[in-house]
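Q: For reference, the chains in residue letters:
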Amino acid sequence: SAVISQKPSRDICQRGTSLTIQCQVDSQVTMMFWYRQQPGQSLTLIATANQGSEATYESGFVIDKFPISRPNLTFSTLTVSNMSPEDSSIYLCSVAGGLGTGANVLTFGAGSRLTVL
Amino acid sequence: GESVGLHLPTLSVQEGDNSIINCAYSNSASDYFIWYKQESGKGPQFIIDIRSNMDKRQGQRVTVLLNKTVKHLSLQIAATQPGDSAVYFCAEPTMKTSYDKVIFGPGTSLSVIP
Numbered sequence: 001s002a003v004i005s006q007k008p009s010r011d012i013c014q015r016g017t018s019l020t021i022q023c024q025v026d027s028q029v030t031m032m033f034w035y036r037q038q039p040g041q042s043l044t045l046i047a048t049a050n051q052g053s054e055a056t057y058e059s060g061f062v063i064d065k066f067p068i069s070r071p072n073l074t075f076s077t078l079t080v081s082n083m084s085p086e087d088s089s090i091y092l093c094s095v096a097g098g099l100g101t102g103a104n105v106l107t108f109g110a111g112s113r114l115t116v117l
Numbered sequence: 001g002e003s004v005g006l007h008l009p010t011l012s013v014q015e016g017d018n019s020i021i022n023c024a025y026s027n028s029a030s031d032y033f034i035w036y037k038q039e040s041g042k043g044p045q046f047i048i049d050i051r052s053n054m055d056k057r058q059g060q061r062v063t064v065l066l067n068k069t070v071k072h073l074s075l076q077i078a079a080t081q082p083g084d085s086a087v088y089f090c091a092e093p094t095m096k097t098s099y100d101k102v103i104f105g106p107g108t109s110l111s112v113i114p
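Going line by line, the protein sequences match chains A and B. Taking our numbering, the leading residue of the first sequence gets 1, the next gets one more, and so forth. Taking our numbering, the leading residue of the second sequence gets 1, the next gets one more, and so forth.
Don't read these hints as lab results, they were simulated from the structure. A hint or two may mislead.
[Claimed, not checked] Capping the alpha-carbon separation at 30 angstroms, the derived lysine-lysine pairs in DSBU-like fashion look like this:
#	chain 1	residue 1	chain 2	residue 2
1	A	Lys7	B	Lys71
2	B	Lys101	A	Lys65
3	B	Lys56	B	Lys101
Using the sequences provided together with the hints, build the complete structure.
A: Structure follows, in structure tokens:
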């Protein structure tokens, strides 16, 4: 399965600022998925990033708040804009095609833990 | 709407005992389920999966049972070890246009008592 590197692994940010999270995959993948995991909660899909087209956002997430770039088949960025304390979460990058019998088993990066003061 | 949920948010077991983590789903058309393990500071990792044409699948020390009649699946961990302490999620890929959106259940935190 793919190896995913995310950075930063963690950061403490001030209210009103923006932070860009980078996700690097060791192989070419068609789709990359960005998830949010709020403290003590499950994972919620933010958007799907397909190389060469605009990201597809899930209900409750908008491009102005979470702009995504996908410049090539191995890299993507997620920006958390105009942060507030409610954005304090772990942000996870993932790709499909991991272990298991299904093509859509996800492999995850270690996540980026953001704390907004 | 579609959802995948768990009965027990936390579970404490004695080292060496068996653990059972439960998960309910609402979409009767669901045909594939995945269990993930998330250790502290890490992303979720695949444990085992099961398709709806099966009611049981075994891995190394883990077994997943699927009861389609009541839309319930469980993850059984045999001889639980301290390294099994983690949050466990059941997940379900759903077909959506040209890609599969994966929905995660709320998770169960497993603590192993030495």
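Q: When you check the alpha-carbon spacing of Lys101/B and Lys65/A, does it fall within 30 angstroms?
A: holds, 21 angstroms
Q: Given the hint that Lys7/A pairs with Lys71/B, test it: the Cα-Cα distance must not exceed 30 angstroms.
A: violated, 39 angstroms
Q: Sort out whether Lys101/B lies within 30 angstroms of Lys56/B, counting only the CA atoms.
A: Within the cut-off at roughly 24 angstroms; holds.
Against the hints set out earlier in the document, a violation occurs for number 1 only.
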